Amino acid sequence: MKRDLLGLKGMSAEEIKNILDTAKTMKMVVSQPNKKTQHLQGRTVVNLFYENSTRTRLSFELAAKYMSANAANITASGSSVQKGESLIDTAQTINMMGTDILVMRHSMSGAPGVIAPLISASVINAGDGMNEHPTQALLDMLTMYEKLGSFENFKGLKVAIIGDVYHSRVVRSNIYGLRALGAEVAVAGPATLMPPQIEKMGVAAYTDVREAVRDADIVMGLRIQLERQKKGLFPSVREYHKYFGIDEEKLKLAKPGALLMHPGPVNRGVELSSSVIDGPQSVINEQVKSGVAVRMAVMYLLSRGGFNR
Amino acid sequence: MKRDLLGLKGMSAEEIKNILDTAKTMKMVVSQPNKKTQHLQGRTVVNLFYENSTRTRLSFELAAKYMSANAANITASGSSVQKGESLIDTAQTINMMGTDILVMRHSMSGAPGVIAPLISASVINAGDGMNEHPTQALLDMLTMYEKLGSFENFKGLKVAIIGDVYHSRVVRSNIYGLRALGAEVAVAGPATLMPPQIEKMGVAAYTDVREAVRDADIVMGLRIQLERQKKGLFPSVREYHKYFGIDEEKLKLAKPGALLMHPGPVNRGVELSSSVIDGPQSVINEQVKSGVAVRMAVMYLLSRGGFNR
Amino acid sequence: MKRDLLGLKGMSAEEIKNILDTAKTMKMVVSQPNKKTQHLQGRTVVNLFYENSTRTRLSFELAAKYMSANAANITASGSSVQKGESLIDTAQTINMMGTDILVMRHSMSGAPGVIAPLISASVINAGDGMNEHPTQALLDMLTMYEKLGSFENFKGLKVAIIGDVYHSRVVRSNIYGLRALGAEVAVAGPATLMPPQIEKMGVAAYTDVREAVRDADIVMGLRIQLERQKKGLFPSVREYHKYFGIDEEKLKLAKPGALLMHPGPVNRGVELSSSVIDGPQSVINEQVKSGVAVRMAVMYLLSRGGFNR
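Protein chains in written order, with the working numbering: chain B, 1 to 309; chain H, 310 to 618; chain R, 619 to 927.
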């Protein structure tokens, strides 16, 4: 039975810990001059991206290449998608070419979950609409794990996630994953960008950023799509930054040494001030490195049959 | 003397058989976990695509990577084509970079044939205008060959090809290849989409699909460009499907167990009904797998000097 | 201390000679059937191109692959650039993924020089605005070196560079490099496309092409952007060719056997007549091959710490 990574919803703490421990080892590979292992020797990884992305696509591509996989990319523009082929037919076609792992980003929530049972390749969700972005949450957790030193320290960890919670697949995956490890999650953002009944996911929800950030161990900003402003969802970039942007003053409300995170790319001066992005508490660059390691770990474990130890 | 694959026109049965036998072996590679051989170790394959294509480009790219070639892609958008460089100069430039095999798709019939004598790299035609698409026909034939068991069984095989015959490079390559192996080809489609004097290619031509399909061993649908409807070449998608689309009822006219094929991507409910696409006679997915194998075989044989045994 | 290749300005003759001697060896690799060495085994090369380019991107990509690097491409369209991320943040992100060499093309003069001190990867300038394009000049010099036989013969070598000098980063890099090796450079072009005070760079400047070409050992045409015509910078393509295009008659003014060069892609019949492009003095195709070799040499030397012997 092949396994997929569609989301962190329902994933056990043991599985997450196995991924993170494997990723910790993989991270050493990313740091060494010779970034080439035999973990996926001759396996085929295809990145199928229906939404633009530099960082995520490149991260998966390099992760695959570092493990000696055959890696290839398909992006929506220039693909037969434009010829009206159904997503299922596209996926089945890619599958038949010897693909072992299909990495998929799609604007439709649930798209990877529709595809996964229909093909023999393992499907990795690289972001589906407003649903999940599991490898992003895993790389966030790996970055925390390396600072915390042990999984024990996730218990009671206070994580504040700030911004456009409503549209964020990153926040959803983080809530599932962090809660599985015993962390406490608080979210905050403009009332227009908060999902109704978000508390039912087991998180504390605030419209005042200060309340969410107070005494947090981790402060995570979420990317805001500037296009949403036009739809009246927030008043202006300046006002957004004033009330919801994380700057030095707001960051001081968190615990001393609290980590500042962001999935990137950051709109400087909007979600985060430049001073905190480039400040000592920022681990934003480290997150990027964790991303390659986590994707290596996920692909390797999938090629071995799954996430159980 | 280097060899090219510009089309199946004029290719001998022996050469085709050699490609198909080689491809049969290559297909095992596509099925195994470690899809990496040394057949093209250090050779360079460049895909130069002036028309969009996911499946064909990906198929060639993976075929090259499976054999350890250096593989790179150029697509028309983003290329120096936009800077007004001539096709010949572009091809010569790519050639000088150490390219051994240039895979080329172009909207102009005959373009690969213009380029081939001017460069040292072997040229593979991946579709040129309304002329030929030889690897597509070869993968169709490989899929048939695997079901038929021997080349002997191509003799008298009845192949019905249905749809936009006029614009199809797939049909032309199939006619050349299948007739070389001794098969009989019948074509059918709307009168507006049938080339005049197609019978001169040695095929039977019908405007009634039923007549072409009756007692066929193979029923192949051709992709219809929906844009052509605007030009008045066929009345409506619904009417097209009613008269020319292959559904369960029309497929029953063929021999029991006749194979259903399509080069993909399919417009579901237009050229083929979903019931036959997903039905037991469909080998459409198998064709995709055959495609990688055929391209491996063609590239390998070209790197060895040609298609003769 | 990591090294970068931002330009040839300030580079010593010894460094240039080391690159060219290394490239001469690398060129043998480009010519052999098995184009695969271990020089960059497991190193990571990312091409970040904010301007369209087939030849330069492909040349770097193949150079990296020929040396067994992990190679990946990012082009502006389809990148997070469109999401408004700053160039610096993009570069830092790519850097954190294990990148050893970042090859960068940007429309802004000086962009690679801004990035280089901020990241651990070596930066190679693949063309920045109107500033420099060092690997192009190095490949021009390698092509000359192979014909000249020794570095001694660069002393007093007369190089005439013709065309849109004002906008050309190629000419600037060539002036720095050629003068370091002891050559004499003359430039010529329409008065509207000549930078004021170009003589301060140590070159002779003419508005009459004939004067520049007379007795030259090397005649190099520069690409003209046809869009510039609309801005009134030159009268018409036909007139441009008449006065500034290099044809057989003008080429005869140079020394017998003078080499004809062009960075490509050529607008045939504009900068150069087809007769000289395809004539016996043209080394335009050889330049392309030199390009791959020079890029291999530069990347290899950077991975070893720099250009000193």
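These are calculated hints, taken from the structure and not from any lab test. All figures in this text were calculated on a predicted structure; none of them were measured in a lab. Keep in mind that a hint or two might mislead.
Claimed, not checked - Derived Cβ-Cβ restraints for the label pairs, each shown as a range:
#1 H:Lys-551 x B:Ser-107: 27 to 35 Å
#2 B:Gly-306 x H:Gly-458: 37 to 45 Å
#3 B:Gly-113 x R:Asn-926: 26 to 34 Å
#4 R:Thr-643 x B:Gln-32: 40 to 48 Å
#5 B:Gly-129 x R:Gln-843: 37 to 45 Å
#6 H:Met-439 x B:Gly-129: 34 to 42 Å
#7 R:Asn-652 x H:Lys-551: 51 to 59 Å
#8 R:Ser-893 x H:Glu-360: 57 to 65 Å
#9 H:Asn-343 x B:Ser-107: 31 to 39 Å
#10 B:Gln-281 x R:Ile-706: 14 to 22 Å
#11 H:Asp-517 x B:Pro-196: 35 to 43 Å
Claimed, not checked - Not close to chain B: a few residues of chain R, all C-beta gaps over 10 Å, as computed:
#12 Arg-661
#13 Tyr-784
#14 Pro-813
Said to hold, decoys possible - Negatives, chain B to chain R, calculated, CB over 12 Å:
#15 Glu-184
#16 Asp-208
#17 Leu-233
#18 Gly-291
Each residue gets a CB set at the ideal place from its N, CA and C atoms; glycine is no exception.
Hint check results:
no., hint, verdict
1, H:Lys-551 x B:Ser-107: 27 to 35 Å, "holds (34 Å)"
2, B:Gly-306 x H:Gly-458: 37 to 45 Å, "holds (39 Å)"
3, B:Gly-113 x R:Asn-926: 26 to 34 Å, "violated (56 Å)"
4, R:Thr-643 x B:Gln-32: 40 to 48 Å, "violated (27 Å)"
5, B:Gly-129 x R:Gln-843: 37 to 45 Å, "holds (42 Å)"
6, H:Met-439 x B:Gly-129: 34 to 42 Å, "holds (40 Å)"
7, R:Asn-652 x H:Lys-551: 51 to 59 Å, "holds (57 Å)"
8, R:Ser-893 x H:Glu-360: 57 to 65 Å, "violated (33 Å)"
9, H:Asn-343 x B:Ser-107: 31 to 39 Å, "holds (35 Å)"
10, B:Gln-281 x R:Ile-706: 14 to 22 Å, "holds (19 Å)"
11, H:Asp-517 x B:Pro-196: 35 to 43 Å, "violated (59 Å)"
12, Arg-661, "violated (7 Å)"
13, Tyr-784, "holds (33 Å)"
14, Pro-813, "holds (35 Å)"
15, Glu-184, "holds (29 Å)"
16, Asp-208, "holds (27 Å)"
17, Leu-233, "holds (17 Å)"
18, Gly-291, "violated (7 Å)"
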